[in-house]
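Number of protein chains: 2
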Amino acid sequence: MIAIIAGGTGSVKLVRGLARLQDAAVIANVGDNIWLHGLYVCPDVDTVVYGLGGMLDEERGWGVKGDTFSFLDQAKKSGVDAWFALGDRDLAMHVLRTQMLARGRTLTQVTAHFAKAYGIRSRILPASDDETFTIISTDAGDMHLQEFWVKNACRPKVKGVRYSGIKSARATSQVLDAIKSADRIVIAPGNPVSSIGPTLAIKGVKKALARRRKDVVAVSPLIGRQAVSGPAVKYMATLGIEASPAGVAEFYSDVAGSVVIDSRDAGTSARIRRLGVEVHETNITMRTRSDEVRLGRYLLRKSAN
Amino acid sequence: MIAIIAGGTGSVKLVRGLARLQDAAVIANVGDNIWLHGLYVCPDVDTVVYGLGGMLDEERGWGVKGDTFSFLDQAKKSGVDAWFALGDRDLAMHVLRTQMLARGRTLTQVTAHFAKAYGIRSRILPASDDETFTIISTDAGDMHLQEFWVKNACRPKVKGVRYSGIKSARATSQVLDAIKSADRIVIAPGNPVSSIGPTLAIKGVKKALARRRKDVVAVSPLIGRQAVSGPAVKYMATLGIEASPAGVAEFYSDVAGSVVIDSRDAGTSARIRRLGVEVHETNITMRTRSDEVRLGRYLLRKSAN
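Just so you know, the sequences run in chain order F and A.
With the numbering used here as the guide, the letters of the first sequence map in order to residues 1 to 305.
With the numbering used here as the guide, the letters of the second sequence map in order to residues 1 to 305.
Just so you know, not all the hints are guaranteed correct.
One copy or two, it doesn't matter: identical chains are merged, so the pair holds either way.
To be verified - Simulated pairs of lysine-lysine, DSBU-like, Cα-Cα distance not exceeding 35 Å:
| # | residue 1 | residue 2 |
| --- | --- | --- |
| 1 | Lys151 | Lys65 |
| 2 | Lys180 | Lys77 |
| 3 | Lys234 | Lys207 |
Keep in mind that the hints were calculated from the coordinates and are not lab data.
The shape of chain F in the complex, shown without the other chains:
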């Protein structure tokens, strides 16, 4: 069994590739969860669900393929600030999940319900059943990650990032068990601050990963200084993380014994090894399904060494 720490649209391709090859437990970021219109929206969890369920909108990288946006249009006509693009199919997830949570089921249970309904064989495990939100401090004030990214289009100047509620958030037993019992653990390519960082910041996760350090491999979300997708670079600098494969390797060095970087970044490998982190170089770009499986195979082979 392989455990994958995932978050954001960047992760889902590798998650899909690995899930085709092996029994997988996907530990999904909950730091970008947000309450919208009274509904509990979990973008990263849902991206994994839709990705593995074969219904992800591939072009946008989020939401359901072929979705309509009638709800959103009507909400705007109803005098409400509807700034987050909730599709109508996507809304089924949010409405039904909110009801199930209100009835006392955990986010883990709710996610398992949908995974089963959509015929997904991998386990999808929200990193925590508790609420923790990624808050971006900017020159326009503090705001939720989604508010910064979607509503304000990343325009305000970032001054810092914090995870609200993180002190009382607990990793689920399923997550800790998956980390403990997995043959190998992959940190998928995702923003270290906003997609992977919130999971690592949850009490117990870092310690559990550190114990498995030699079996943990992190895949760089950067090629050179460019994010493969998303606004990774913007947040990294503010947290003092160098926006480079070496910066990522250093950020993960306590928990990941090895990293996979793009062949084009081979020049940085010696520097990474000096951090005590093993390096593998390969083509990490995933454009097609066979790219996803190819990188997945590479990871299984390398981490089996």
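Using the hints provided, position chain A relative to the given structure of chain F.
Chain A only, in chain F's frame:
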């Protein structure tokens, strides 16, 4: 100002006709409200809102014109019994309303918000801000009106009808004020049991109407023994109401000093008059917008006598 007691798809045509002619307060049935997927759905209130907002789906008689049903389809795929046809635009109403109610606003305030957003000049007043549900007792057990009508397609044998929560439900001050201060009051053509009855059953409404009896006119929802729309006849018999214009007149005789029946039912007028109820005969079929205004004009003229 005219007050209109309305409920169901049958009422909305006359509501629209009257609202074109005069300042109107529409008192809408809340007895068919229902909690679905954690959302508070108010079909009759919404039919009035959509009707007056020019966005009602005229063919179906409910929901929003040109709506999509992606949410519903996805909910079904998500392993949930989604038997009530919630359109995606319609869903905006339910989601946003549920959130506003959770934040402590009343159904009256929420309805006013939407009416304003949709440019509606008439006031739309839910009969009560409290929850009261029309329950149909059948040979398959007790069920909510919508469950009987939509989920079970009116198949179970009806044994009785009751309004749960009706003892603690209160008419709003806005409703009682509208009845008190209106120049005339129209009971729109709607099912006496399931569309109008729940409003009359709310404490205070019948008494307030009885005080205005000579200014209250009820429009028959039946032509002969056939409902103009909906399953009126089915419920009426079980409550001992004769399914005929005379039966309707008798049911309303405590509160309505006059009724309007179809010219084809003129043969029954003498019998109605013996109940102490004045009768007006005209063409009550409304197929077009000008039919709606024609019947509206007729009512204003007759009730001004």
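Do the hints match the structure? See the list:
no., hint, verdict
1, Lys151 with Lys65, "both (22 Å within a copy, 29 Å between copies)"
2, Lys180 with Lys77, "between (50 Å within a copy, 34 Å between copies)"
3, Lys234 with Lys207, "within (27 Å within a copy, 67 Å between copies)"
Going through the hint list in order, the structure satisfies each hint without exception.
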